[in-house]
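Visitor: Sequence:
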Amino acid sequence: MALGPGNIALIVGAALIIFGPKKLPELGRSVGETLREFKKATKGLIEEPKDASPSEDKKHNSAKEPLK
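With UniProt numbering, letter number 31 in the sequence shown gets 31, and the count goes up by one each step, no holes.
There are no misleading hints in this set.
Derived pair list, reagent style DSSO-like, types lysine-lysine, alpha-carbon separation capped at 30 angstroms:
(1) K22 to K39
(2) K40 to K23
(3) K23 to K39
Pair ranges (Cβ atoms, derived):
(4) G44 to P5: 33 to 39 angstroms
(5) L45 to V12: 28 to 34 angstroms
(6) A15 to F38: 17 to 23 angstroms
(7) A2 to T42: 20 to 26 angstroms
(8) A9 to K43: 30 to 36 angstroms
(9) A14 to E47: 36 to 42 angstroms
(10) T42 to V12: 23 to 29 angstroms
(11) A14 to G44: 33 to 39 angstroms
(12) M1 to V31: 16 to 22 angstroms
(13) R36 to A15: 17 to 23 angstroms
(14) P5 to R36: 24 to 30 angstroms
These are calculated hints, taken from the structure and not from any lab test.
Values in this document were obtained by computation on a predicted structure and should not be read as measured data.
We treat Cβ as the ideally placed atom computed from N, Cα and C, and that holds for glycine.
Produce the entire structure from the sequences given, and follow the hints as far as they go.
Guide: Written out as structure tokens, the structure is:
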């Protein structure tokens, strides 16, 4: 479901009515900061498994070695 120009105008108009023109820039700024923090957190979660994978590979390789 795509947002067309009419839908975006309706959302912006509703936001102006609900929050007012003075509060809207502050609200946009806080939403932007929240999204930025969320992206940082998810990027950190994505990079963690890459760091952990070599130790997991060592565990799997040691299981392949024959017992003495």
